[in-house]
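Participant: Sequences and hints are given; from them, build the entire structure.
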Amino acid sequence: MESKEDKFSTRREFVKTAGRLAAIIPLAAIPVVLSKKEKVRGYVWQIDPMKCTACEQCRTNCIMTPSAVKCTNANPMCGYCDFCPGYLRQGAKKYSTAAEDQLCPTGAITRRFVEEPYFEYTIDEKLCDGCSKCVKGCGDFGNGSLYLQIMHNLCQNCNQCAIARKCPSDAVIRVPASRPYIRKDEGAENRAKVARMMKVRPPFHKWDFPPDIELSQSC
Amino acid sequence: MLIWHAVLSAQQQQPQRFPRPEFEGGYVFPERQYPDQRGPIWEYVDVAVLVIALSITSWMVIKKRSRKGILLMSVFSLAYFGFYRQGCICAIGSVQNISLALFSKDYAIPLSVLMFFMVPLLFALLFGRVFCASVCPMGAIQELTGFRQVRVPVWLNSTLSAIPFVYLGLAVLFSATGSDFIICRYDPFVGIFRREAPYTMVIFGSLLLITGIFVNRPYCRYLCPHGVLQRIFSSFSVRHLKISPDECKSCRLCESGCPYDAILRSDAVREDEQVSKPFNGSLPYLLIVPVLAAGLGILMYNLSPVLSGASADVRLAREIKLERDKGIKATSKAATAFLESGKTEDSLYAEEARITGRFRKGAPWVGIFLGLSLGIGLFRFTIRNIRTEYEPDRGRCYSCGKCFKFCPVKAKTQ
Amino acid sequence: MTKYSDKQISAFKGISLAAGIFTLVIAISMLLSLVQLKKIDPTSNPSLQAVKDQFDRDPENRDLAEQVRAMDLMARRAYFSSRWQVETGTYLLLAGAIAFVLFRRLIAGNEKPARSLLPGRPDIIAERRNYRKYLLIAGASVTLLAIVSSFVMRRELPSPGRKPGSPPAARTTAAHPLASDLPDAVNWPFFRGDGSHGVAGGESYPTSWDGASGKNIKWITATPNPGKNSPVIWKEKLFITGAGNNVLEVYCIDKNDGHIIWTGSGLDFQGASAEVPESDAEAGMAVPTAAVNQDYVCAIFGNGNLVCFDHDGKLAWGKNIGVPGGTYGFSSSLLICNNTLLVQFDSQEKIAILGLDLKTGEKKWETARTGRPVNSSPVLATFGGQPQVIINGNPNVSAYDPETGQELWSQPGVSGDVAPSLAVNSTLVYAVTDYYKIIAMKPGKDNSPAWEDNTFTPDVSSPAANDQYLFVATGNGDAACYNSEKGDTLWSHYFNNPIYSSPVIAGGNVYFLDRTGIMHIARADKEFTLVGESPLGENTDATPAFSEGKIFIRSKNNLYCISK
Chain S
2 MESKEDKFST RREFVKTAGR LAAIIPLAAI PVVLSKKEKV RGYVWQIDPM KCTACEQCRT
62 NCIMTPSAVK CTNANPMCGY CDFCPGYLRQ GAKKYSTAAE DQLCPTGAIT RRFVEEPYFE
122 YTIDEKLCDG CSKCVKGCGD FGNGSLYLQI MHNLCQNCNQ CAIARKCPSD AVIRVPASRP
182 YIRKDEGAEN RAKVARMMKV RPPFHKWDFP PDIELSQSC
Chain P
4 MLIWHAVLSA QQQQPQRFPR PEFEGGYVFP ERQYPDQRGP IWEYVDVAVL VIALSITSWM
64 VIKKRSRKGI LLMSVFSLAY FGFYRQGCIC AIGSVQNISL ALFSKDYAIP LSVLMFFMVP
124 LLFALLFGRV FCASVCPMGA IQELTGFRQV RVPVWLNSTL SAIPFVYLGL AVLFSATGSD
184 FIICRYDPFV GIFRREAPYT MVIFGSLLLI TGIFVNRPYC RYLCPHGVLQ RIFSSFSVRH
244 LKISPDECKS CRLCESGCPY DAILRSDAVR EDEQVSKPFN GSLPYLLIVP VLAAGLGILM
304 YNLSPVLSGA SADVRLAREI KLERDKGIKA TSKAATAFLE SGKTEDSLYA EEARITGRFR
364 KGAPWVGIFL GLSLGIGLFR FTIRNIRTEY EPDRGRCYSC GKCFKFCPVK AKTQ
Chain B
-10 MTKYSDKQIS AFKGISLAAG IFTLVIAISM LLSLVQLKKI DPTSNPSLQA VKDQFDRDPE
50 NRDLAEQVRA MDLMARRAYF SSRWQVETGT YLLLAGAIAF VLFRRLIAGN EKPARSLLPG
110 RPDIIAERRN YRKYLLIAGA SVTLLAIVSS FVMRRELPSP GRKPGSPPAA RTTAAHPLAS
170 DLPDAVNWPF FRGDGSHGVA GGESYPTSWD GASGKNIKWI TATPNPGKNS PVIWKEKLFI
230 TGAGNNVLEV YCIDKNDGHI IWTGSGLDFQ GASAEVPESD AEAGMAVPTA AVNQDYVCAI
290 FGNGNLVCFD HDGKLAWGKN IGVPGGTYGF SSSLLICNNT LLVQFDSQEK IAILGLDLKT
350 GEKKWETART GRPVNSSPVL ATFGGQPQVI INGNPNVSAY DPETGQELWS QPGVSGDVAP
410 SLAVNSTLVY AVTDYYKIIA MKPGKDNSPA WEDNTFTPDV SSPAANDQYL FVATGNGDAA
470 CYNSEKGDTL WSHYFNNPIY SSPVIAGGNV YFLDRTGIMH IARADKEFTL VGESPLGENT
530 DATPAFSEGK IFIRSKNNLY CISK
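Residue numbers (my numbering), protein chains in the order written: chain S, 2 to 220; chain P, 4 to 417; chain B, -10 to 553.
Keep in mind the hints are simulated off the structure, nothing from the lab. None of the values given here were measured: they were computed from a predicted structure. Virtual Cβ for every residue (Gly too), placed ideally from N, Cα, C. Careful: at least some of the hints might be erroneous.
These stretches of chain B come out as covered by chain S in the derived footprint (C-beta under 8 Å, 3 or more residues) [claimed, not checked]: (1) 37 to 46; (2) 60 to 72.
Pairs of lysine-lysine residues, derived as DSS-like cross-links and limited to a Cα-Cα distance of at most 30 Å, are as follows [unchecked claim]: (3) Lys17/S x Lys332/P; (4) Lys348/B x Lys303/B; (5) Lys339/B x Lys224/B; (6) Lys339/B x Lys226/B; (7) Lys303/B x Lys353/B; (8) Lys167/S x Lys67/P; (9) Lys67/P x Lys(-8)/B; (10) Lys52/S x Lys137/S; (11) Lys426/B x Lys226/B; (12) Lys352/B x Lys332/P; (13) Lys17/S x Lys329/P; (14) Lys67/P x Lys252/P; (15) Lys426/B x Lys134/S; (16) Lys41/B x Lys134/S; (17) Lys352/B x Lys329/P; (18) Lys364/P x Lys434/B; (19) Lys71/P x Lys(-4)/B; (20) Lys167/S x Lys71/P; (21) Lys52/S x Lys17/S; (22) Lys204/B x Lys329/P.
Facilitator: In structure tokens form, the structure reads like this:
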């Protein structure tokens, strides 16, 4: 009896050790394989303001409430108009801060008189919920200085952005974490530089990773 | 020819309709600073906390044998990894990142995610499923809310336990092809951790938790894909939780303590038994395992066009093709956007072919994996295992420590 | 494990029950406020909108204004307070749940382990036999599934989508649109000349004339009906089209003395449409320029009537390709490549390019295009030995094989109101429209933009390019010259009047015709040198035609021949 039990226990021990080795090997190999990848860097999600069509879905598609998408004003591009088509709703009869003339449903845009005839428009991010109504107004009738961006202190940087999945113009793309914002006020040359850096393929590849990407958090 | 007016269609123009104002009063454009992400140092803090938590749990499980300690650790993990980090950077989801990194040439995995994948498995290899015991926030939340214990019939348990294998296989396949991240999408508890979610998720999570009050650890047992890996690694663990602090008297009292039926009974060689042949005549049955692997591999290969439908690009290509060939109008938002965009169809079809090709290459491996798991899993039970004491099934024991108080044996005072 | 007294246990039970009920209550109230949140979507509040509409109809009414303000404030307050409620609610929910769990745990921890002996498991040997059976069953069923699925699924495997089109056309180097590198000096077959590039052949053209005094004006002919289209010329014959009340006509004019040789009607064929689609009255029905080759001349009118005559005025065929439902009618000019008539079709309902047999008018192929309708005209070019017709579309520039219609490549171009046609030279394609940018791209399947600029963007005029320079004229009156390879702006000059016609490079100069009829001529060089400014005396919109040292300019009602 004893010898048979011994035979079993040694066989079991053998299987156990073999199993341990077999398990350790892939565990050790994975980092070796992955470290061979050059330029280990990371990405974050961002809205390309050139592609955005102000469809109002950013507000509802983000997994966060309120959405991580907020509007901002590129002041160098802004016309500082008395009649701001992003601030005043269509059909507004007078240009003032009256509530009945405002476009923003949460009252997040503040209008401040600078000098004749210029007014400064700023977005209060605490109130903005990314509905893009002002973006559409400014883009259709104004200079297009109001645009949406994903704010990275709110964004969870999901593996698969729920907004990107549903964006009708494929405007939500991955950008290098070193350049997490695509700014409209930076001028065309910088935008071109970022675009070259990103080298994204035809935009229906939502999961494309741009080549020069920076290390960052991912979930 | 003709003059057009200002109301232009898409946002895509760069219309500087109103010239830049020339300020006379010395107005300066406000400096716009955008908020930054969480600094990268914090990810490494998370990894450090992970290592510390795993070490403490291992000590609780193996040396101190304290169920209370394990529960307290669960509370901490739930608070830190669950509510504070909101369940994101998690070991379970990291499987997808690893698979994407291995099979996609453009994605490089961040070091912290890699650590989140490797460290729990390393500890599993050393000390058993201590990650599941009290470090994983999902395990923790289920552990803490498991008040009652309803036993699941063996056949049901075994059948449902097959789900995590399929889930893991599909998750790896879908993330490797970059089609979908199903572990993240169908995570039931992340809605509770974030304290908001689409209400379908909240309902699913709450129902699961309520079920978990009676049928303990339902996600761990019947859904968690990472659990498959933990199972494999833990089966070969160097050290593992022992039910009895000293010698086991085979009194069977601990069996009722384990809600997961993870305790293997002692099974010494009986007087009248003939245990001469290796594997006791079960060796021929080992040959069925490769048959299973090959069969499921072929089945998955044949299913790959169906599976490739997980990719949104493939679905779009098929929808457009259907419209071109058979005239069935493509009505989805993606299709409308594509048609309006003026992109060429050729590259869409080429992309569909490429993705389906990748599925054809990857799906058979998933099938082989499933076949091997099923075969080996069944085969194990045909072998005569000689055990002299009650011990936990190393693969399935979550090292939760519930059995400690059921064992009447007192540790020898030293 | 601390033991709690019975009183403590019952207290715990009470607390946990209270906590449980509290949690449930919070959960339900949160659900309700969530529903409410969905209803008060602040971005689309119908009752608020109704009051706003009311206010719009009566904007002086202060009371209504006050009402709007009050409702708006209420709506916003309700929205934010619902959001706050949901947030706080989750915390309360959490607190309640934690309390519930905590106390239940304490109760559970207090209980003695309920040791019970489970019923004995069946005989181990029998169990092992069962598992062997399971293994066999599993093996058999999987094998069966694999075999069955191989037959069922394989048959249904959709082949990777392939367009139902012919294999790529054989590359013909013979008889392609630009047979030689030099543009044609005699014929001006399309809207902007050979290939519709805006580059004229020939060594020298007149640089100064005056409409009022008649200096260098060889002849003037009154056109019976006006039209925006440019003249096209084949050898000695010049062709234009005109439209008036119930009249659509093609005129063949002698290039040397200006007399009208024959007039052809665009209404006299079976299937001709007499409809006049709603369109810009200023433009009329005769916007697209005709196309001519050695045998035939074809013309299309804004209602889709397409006619083809031989050089003697005999109608070869006529058809209506569809009255467009859009706003402006057809505006794209025609092209002919070998024996195919190319028609760019843009309307609200359909966007396509058609290839018709030149002799019979039968449709050889039709290729659908995607995107939005445009008003540009196509150009013909050859890249890499492949002749192609290229269209400035929205948002892509796409090229098609003139024989088969197969799409050769498509790259992102410009968006918005796309009216200017493309400029091409031997290596690059240039797309532009106003309020957007100029983008230079390498033709081909890969997305390869070469350079971009948005300083001078025309709304109507199409740019012209050769291998050194790209010339652009805007509706402002600016004319600019870019380095065609790199995109640097070499010079620009402001001619005070808007320019709608397209610049033409001819005889070492570049000709800009503004809307008031003044032709500004500059050296086609890297520095701006004004060669001459010649007024016609009449307003002009159409791009002039250049042939054998003569320039042909069309004004609203007249056709001028300028010759030294």
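Participant: Now look at each hint and say whether the structure bears it out.
Facilitator: Hints and how they fare:
no.: 1; hint: 37 to 46; result: holds (count 3)
no.: 2; hint: 60 to 72; result: holds (count 7)
no.: 3; hint: Lys17/S x Lys332/P; result: violated, 59 Å
no.: 4; hint: Lys348/B x Lys303/B; result: holds, 12 Å
no.: 5; hint: Lys339/B x Lys224/B; result: violated, 36 Å
no.: 6; hint: Lys339/B x Lys226/B; result: violated, 35 Å
no.: 7; hint: Lys303/B x Lys353/B; result: holds, 23 Å
no.: 8; hint: Lys167/S x Lys67/P; result: violated, 51 Å
no.: 9; hint: Lys67/P x Lys(-8)/B; result: holds, 21 Å
no.: 10; hint: Lys52/S x Lys137/S; result: holds, 12 Å
no.: 11; hint: Lys426/B x Lys226/B; result: violated, 38 Å
no.: 12; hint: Lys352/B x Lys332/P; result: holds, 25 Å
no.: 13; hint: Lys17/S x Lys329/P; result: violated, 59 Å
no.: 14; hint: Lys67/P x Lys252/P; result: holds, 21 Å
no.: 15; hint: Lys426/B x Lys134/S; result: holds, 25 Å
no.: 16; hint: Lys41/B x Lys134/S; result: holds, 17 Å
no.: 17; hint: Lys352/B x Lys329/P; result: holds, 22 Å
no.: 18; hint: Lys364/P x Lys434/B; result: holds, 28 Å
no.: 19; hint: Lys71/P x Lys(-4)/B; result: holds, 23 Å
no.: 20; hint: Lys167/S x Lys71/P; result: violated, 47 Å
no.: 21; hint: Lys52/S x Lys17/S; result: violated, 57 Å
no.: 22; hint: Lys204/B x Lys329/P; result: violated, 65 Å
The earlier numbered hints that this structure contradicts are 3, 5, 6, 8, 11, 13, 20, 21 and 22.
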